[in-house]
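> So you can see what is in the structure, the chains are spelled out below.
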Amino acid sequence: MNHMEAALQPLHAGTKKNSFIRKALRTPTFLCGSIMMAILVFMAVFAPYLTPYDPSQLDLSAALQPPSSEHWLGTDQLGRDLFSRLIYAARTDLKVMVLAEIIPFILGVFIGMAAGYFGKWVNSLIMLTTDTFIAFPFYLIVIIIAFVSGTGEQGIYITFMLVGWIVYARVIRGLSSTFRKQEWIASAKMLGLSDVRIILKHLLPNVLPQAVIVLMTDMALLLVAIVTLGYLGIGIAPPTPDWGTMIFDGQPFITTKWWLSAMPGLAVVYTGIALSLIGDGLADIWRR
Amino acid sequence: MQTNKMLGSSAKQPAANIILPYKWLVLALLRAALVVICVIVAVFFLIRLVPGDPVKMILGEYASPEAIEKMRHQLGLDLSLWEQFTRFVTNFFTRGDTGSSIIFGTSSRDLIIDRAPVTLLLVVMASLIAIVFSLVLAAIAATHKDGLLDHLIRILPSISLGMPIFWVGLLLIIIFSVYLKWFPVGGTGEGWGMLYSLILPAITVALSQIPSLVRSLRAQILEVLEADFVVTLRAAGIPPRVILFKHVLRNSSIPALMLLGVNVAYMMGGTLVIEQVFDIRGIGSLLFTAISNRDFPVIQGIALYCAIAVVIISFLIEMISGYLDPRTKRER
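Top line first, the protein sequences correspond to chains A and B.
If you're matching positions, the first sequence starts at 1 in our numbering and goes up one per residue.
If you're matching positions, the second sequence starts at 1 in our numbering and goes up one per residue.
So here's chain A without its partners, still in its complex pose (with noise of 0.2 Å):
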């Protein structure tokens, strides 16, 4: 039986690593996207080494300062580094995001594939949840399930475990049905393989290369919804750096010193420019 399911294989999307590694050399987006995110994660891993100041080092004598040669881009109205602490800020929240994005992405992938797959009752169950779901406004839910879990880092891993499959699962389960009308599932039921056994071997590396595009979207859009989440004060809590804590904390001097909101803000787009080159690109590879 295993060499007939063997002739199956070359059905499947994934490709082999060299071929993909070769094609990733030859779009831009995906090239350019990465050494983006490269750069970002190197500064946020030694963090230590190349931040001029400790970013909770309080100078009050040195607060709200300009631009300089000291201080970068200037120091907060706490007399604290802003360079440092964008940098140690990076840290917290690409943790996060990627901390956050693991339970929703298992998870939506495998109820998006059981919905798919199997269909009937199953599929309108999940269809009603994820209605249900996407019934309330994303950040009215997501300021609610916050505030109710608990502000700081647990509450954002709560609210995005409880919310954050149902991309992954309307993605994956439009992509199943498809795929479950196609002759080669027919062929593998026919085999006598186990639905657990079609569902894992087969319908996920087909499945797969989809939700990894869509992984990168939703990342940039989970990093704006914690910084979001930290602006308006029920998301990761101070002093542990974090983008959005600094905007709220510039706010009050827009007027005068408007890059302490300005230049945070600024990462965050950098971060998520850098994730949707990713995404496309990999969708550029992944078609070809």
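To be clear, the hints were calculated from the coordinates, so they are not data collected in a lab.
Model, not experiment: these values are computed from the prediction.
From the three backbone atoms N, C-alpha and C, an ideal C-beta is built for every residue, glycine too.
Some hints could be false.
[Said to hold, decoys possible] Below, a sample of chain A positions facing chain B; criterion: calculated Cβ distance under 7 Å:
1) 139
2) 140
3) 252
4) 259
5) 261
6) 263
Knowing the structure of chain A, use the given hints to seat chain B on it.
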């Protein structure tokens, strides 16, 4: 006259297996009703998701046992779960209420109705701005396909993806209120002043929608530009400008409206955040007052009203698109 007929026929292509219109309507209605029921159940259980005792969260850790008992009774938490649920449902369906506000003492329905107009006005203004700007940008991109402008407009979604909406609002305040002094920094005026003070927040909310709208509109316009009736119009010697504005844009604005309808939930959420930035006293500020005071009935009311509004709008959109294009009926 002739061209209008052609427009009509291009929008309504005969579907292979048309589901009876009434059956389709009933099914869509049933699904919407089912979602509303689920939404009510979800909102009811929301307060029970709170780790620990919600009453202690409201009154603090050291409240007297009598005060706790009184609050428990006021919130109806001393009843059985089923009794609480039936009370919640009947209260909502007979009075449209989710209980009295803990801090204001008045019904949460009245509080929401009092704050809703500003938020609704903001959403409507943002939608109008988004549609107009998207149509213009998409028309430019489509008519200059693969040109510099087209490329610039097409990279917009990638740039805007990671833009926090509140940050965009702050940038607009810095540029238009602080430096150019065209608009007030925040707050809402009276009468026409209110409309004026809502322009900048509405633009902010619209900006979050424009990139994705432009992307799909551009594709839509390109498709219509290649349609048979446009070729006929061109052959008839009608100037391109007239074709674009009179025929192509009219045909592609309907899908734009649809997409906006689909995004309405996201837009409402963005509006709630933007109200905080511009200090507008709408539903958003009510939500944050309620959240910081643990005012559960009001939080539940806002969630319920917003969700039901979204369900109704999506249902209407589905109706309209089904009526205009029977092909969509077969999708689900």
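> Which of the listed hints are broken here?
3, 4 and 6
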